[in-house]
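With chain A fixed as given, assemble chain B onto it according to the hints.
Quick note, the sequences are listed as chains A and B, same order.
Numbering follows my numbering, in which position 54 of the first sequence is assigned residue number 54; successive positions increment by one, without gaps.
Numbering follows my numbering, in which position 292 of the second sequence is assigned residue number 292; successive positions increment by one, without gaps.
Everything labelled a hint here was simulated from the structure, so no lab data went into it.
From a predicted model like this one, the values you see are computed outputs, not experimental measurements.
Note that CB positions come from ideal geometry on N, CA and C, so glycine has one too.
There could be a bad hint or two in this list.
[To be verified] Covered, in the sense of this in silico footprint (three residues per stretch, anywhere, with C-beta under 8 Å from a C-beta of chain A), are these stretches of chain B:
hint, region
1, 131 to 142
2, 271 to 282
[As the list claims (entries may be wrong)] Computed list of chain A residues with no C-beta within reach of chain B, every gap over 10 Å:
hint, residue
3, E111
4, A137
5, P385
Next come the chains, spelled out residue by residue.
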Amino acid sequence: MSQIDKTQVRESDSSRYDIIIVGAGLVGCAMARQFTLEGAHVLVIEKAADIIDGASKGNSAILHTGFDAPPDSVEQSCITQSYQEFIQIRKKLQLPLLKTGALVLAWSDDEADRLDGILEKAHQNGVDDAKFIGAKAILKKEPQLSDQLKAGIHVPREYVIDPWTTPFVYMLQAIENGARLKRGCEVQSGKFDGQWWKLETSQGTVQGRTVISCAGLFGDLLDQQLIGTSAFHIRPRKGQFLVYDTSAYRLLHSIILPVPNEITKGVVICRTAFGKVIVGPTAEEQESRDDASVDTAELESLREKGESIIPALKFEPVNATYAGIRPATEFKDYCIKHYTDKNYISVGGIRSTGLSAALGIAKRVYADYSASGFNHTPADKIKWPAVGQIAETQIRDWQLQGNEGIVCHCERVTRREIKAALTGKMPAASLNGLKRRTRVTMGRCQGFYCSAQLSVMTEGYFDQSISFQYGGYKDD
Amino acid sequence: MISRCEPPPRRCDVAIIGGGPAGLAAATELKNLGIASVVVLEREPQAGGIPRHCGHPPFGMREFKRIYTGPHYARRLVERTLNAAVTLCLDTSVVSIEAGGVLQLTTPMGLHELRATRVIICTGIRETPRAARLVSGQRPLGITTTGALQSMVYLQHKIPFEKPVIVGSELVSFSALLTCKHAKIRPVAMLEQYSRITARWGSQLLPGMLGVPVHLNTRVVEILGQQRVSGVKVCDTKTGKARVLECDGLVFSGQFIAESSLMRSSHLQTDPQTGNPVIDQYGRCSDPEFFATGNMTHPVETAGACWSDGVQTAHHVYASLSGLLGRQDQRLKINVASPHIKYIVPQMLSLPGNHTAQAGMKNISLRFKNPSHGRLSMRSHSGELVTKFIHTLPERRVKLSIPELLTLDPSASLEIQFREK
Chain A
1 MSQIDKTQVR ESDSSRYDII IVGAGLVGCA MARQFTLEGA HVLVIEKAAD
51 IIDGASKGNS AILHTGFDAP PDSVEQSCIT QSYQEFIQIR KKLQLPLLKT
101 GALVLAWSDD EADRLDGILE KAHQNGVDDA KFIGAKAILK KEPQLSDQLK
151 AGIHVPREYV IDPWTTPFVY MLQAIENGAR LKRGCEVQSG KFDGQWWKLE
201 TSQGTVQGRT VISCAGLFGD LLDQQLIGTS AFHIRPRKGQ FLVYDTSAYR
251 LLHSIILPVP NEITKGVVIC RTAFGKVIVG PTAEEQESRD DASVDTAELE
301 SLREKGESII PALKFEPVNA TYAGIRPATE FKDYCIKHYT DKNYISVGGI
351 RSTGLSAALG IAKRVYADYS ASGFNHTPAD KIKWPAVGQI AETQIRDWQL
401 QGNEGIVCHC ERVTRREIKA ALTGKMPAAS LNGLKRRTRV TMGRCQGFYC
451 SAQLSVMTEG YFDQSISFQY GGYKDD
Chain B
1 MISRCEPPPR RCDVAIIGGG PAGLAAATEL KNLGIASVVV LEREPQAGGI
51 PRHCGHPPFG MREFKRIYTG PHYARRLVER TLNAAVTLCL DTSVVSIEAG
101 GVLQLTTPMG LHELRATRVI ICTGIRETPR AARLVSGQRP LGITTTGALQ
151 SMVYLQHKIP FEKPVIVGSE LVSFSALLTC KHAKIRPVAM LEQYSRITAR
201 WGSQLLPGML GVPVHLNTRV VEILGQQRVS GVKVCDTKTG KARVLECDGL
251 VFSGQFIAES SLMRSSHLQT DPQTGNPVID QYGRCSDPEF FATGNMTHPV
301 ETAGACWSDG VQTAHHVYAS LSGLLGRQDQ RLKINVASPH IKYIVPQMLS
351 LPGNHTAQAG MKNISLRFKN PSHGRLSMRS HSGELVTKFI HTLPERRVKL
401 SIPELLTLDP SASLEIQFRE K
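Looking at chain A on its own, in the form it has when it is part of the complex (with noise of 0.2 Å):
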């Protein structure tokens, strides 16, 4: 192992990089952000057209404290650590946080007597806060909750986070300090000469000394074909999410949990940070890993979950439906693996707290990088971002001179940042991820009023274009 040369690579030296980190979901994010602050010359490579385009794009936004982890588990440990991090980069990185707290419900007296095994569990992850709450208390912090509850716990730093802007501005800040993002680049193969990695691409050769996959759903797939190997396998789990309107917004206040099972946190309830409210998600396994298809009854069955908890739900429409599908594998925690002879990090199984824990997860791992002799020169000065704000707990680009006008007006999604979103260091490369930047069509209409002005906008900007031109118009 002392042969391997662990000399910092130049950011000059453009084909060979210190790391080369494969997915850019919401861990890869996080870990291109950490190893540039700390110095290393980074690569990420996406197969898809923009980042954060698998698991990490149906998540329910939360982040936790851990208060409900398996204690002494990896995963306890990330959130934790990536909780008081958030905290600490949030405002610097002008992130939203919406200070909800969590109620963890009990609706039968089987679930109730489960709360103090919840509760030990939380004190025990060391969330002191954590305390019971009688159905009478409960319902005068939450008025609208079906008078059907037992009791409940309360855990008041559960806080809801934006899930897109969160990992855009980790990875705009890896950018930023250096490091580079290579979308639409998929890895063929590759091949480890004992001091270099060389990854064949869909863009070509890349080099670097350390490959750290963070491949998410595709993650054992990937661990196989470059270490011949993986310690886990992927079972995809989808979870289905529906997403009411802003009218909704008032019917709550805290982040509605349930009394956990084996398998799952079960259905949420949750204001957004965009001022909705959402209900989800369902978990469902599956074989595939790119199926992220809605179903009627199911959509039907969290319609009704979610009016047996909130009764005036009944009342608002549902302006959108999504699914997620979460990378959970055959444990329960987290399987991060360094394979110091390879120089090869695998980072799997972050299954549903992947926003929660990515900082964590991070750290985690270039702790454990530079355990094994690599070291780094951090910058002198590091850069912090400016990202457009499409939180409404922020000031909005409406709300400002020069905003050119508003496009999408469901969610009210100026001209202006429409353009800024299509240009700079990481422009939006698909429809997706120009709705992830903006929240364009992402309203009641669905893009009833807006879809035909941004097919222009975007024209020659997507891969796959939002409609085509063609000859036979002539004005009345």
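Same frame as chain A, now just chain B:
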């Protein structure tokens, strides 16, 4: 298209939210009645509303005694509005409505507050998109509503697909069909979940003429495709048999709903089931300084009907400004006691009190959720007030005359009933 944008003033007599046929008609009529400052607030860069992107006739019969295409009709409405010296503010969105006629606006210049003595809300309607219909499948490109398709074709000269399936058979679904023909798009089929086409008139002939098969009793089960639509799985509602239609797009047409989210988050009442504004026979909202008119009060009617609404409402607003409509009138809520009825409008009746009764709407308009046949009536505690037999399909207007107001007891509780035959 005329686009003359004026910065909004700070104060005005009447502010009109929405520059479609209803809003422009109301504005023009109010100026003609002699109201000094009338402001139309339009969030798009051009006024004219939905007709702007309906590139086909017939528009304008009752307003101009001529037949125009939608865009031409919209231009004529705007011209007339500007000639009447209405202040037309484009690219101007209302972000909140507050008691006392206070409107918070945003324009390309940023935030702005406008105070109006009366406000008319006519923010129109939109179609129910795929998501709100909870349709199964992934989210490939190529799924639109008629509105989105038309604005792409007629305003931007673009097409989102080449061989789509059109879902629905309302009037607007045929509009989608015409739009496709115009842009040389070849629809694969038109689907209707019931056993009859919903639209009223000769449109039954259209699909045959254009060579597009209509599948009745057919429901969408699942959208196929990941990047782009590759097909749609449909099911025969009678036999339950499923099959796949190959296509590269879907138009979810119709199932119009009021674009009322601005009202929903204000102090004004909306119907919890439909989102329609709750109004009296003059179009007055729960706060009588606010009026609602046009399609948002009765999804969906033609542009001409909305134009008429606008003219009528202008007269009621004028009466209100002249003190001819009592502000503290007794208002009777009309309850609906039938699960078959989708909505009624107006939902309340104002009794004249000490005033001379002003003429308001003559009828209560209703819509049914499913094909219905039976007896419709309005009752109070003292007995039946009006009644009629009806035979109707969903999305068709049914009228029931409003009883003589002076005969109504202020403590009466009014109820609409429907007994199936």
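Results of checking the hints against the structure:
1. With 9 residues bearing a CB less than 8 Å from a CB of chain A, the region 131 to 142 of chain B meets the requirement of three and the coverage assertion stands.
2. Check on the region 271 to 282 of chain B: 3 of its residues sit with their Cβ under 8 Å from a Cβ of chain A, so the three-residue criterion for coverage holds.
3. Residue-level check passed: A:E111 sits 28 Å from the nearest beta carbon of chain B, beyond 10 Å.
4. The non-interface label for A:A137 is consistent with chain B: the shortest C-beta to C-beta separation is roughly 28 Å, beyond 10 Å.
5. The claim that A:P385 is not at the interface with chain B holds, since no C-beta of that chain comes within 10 Å of its own (minimum 24 Å).
Checked against the numbered hints above, the structure breaks none of them.
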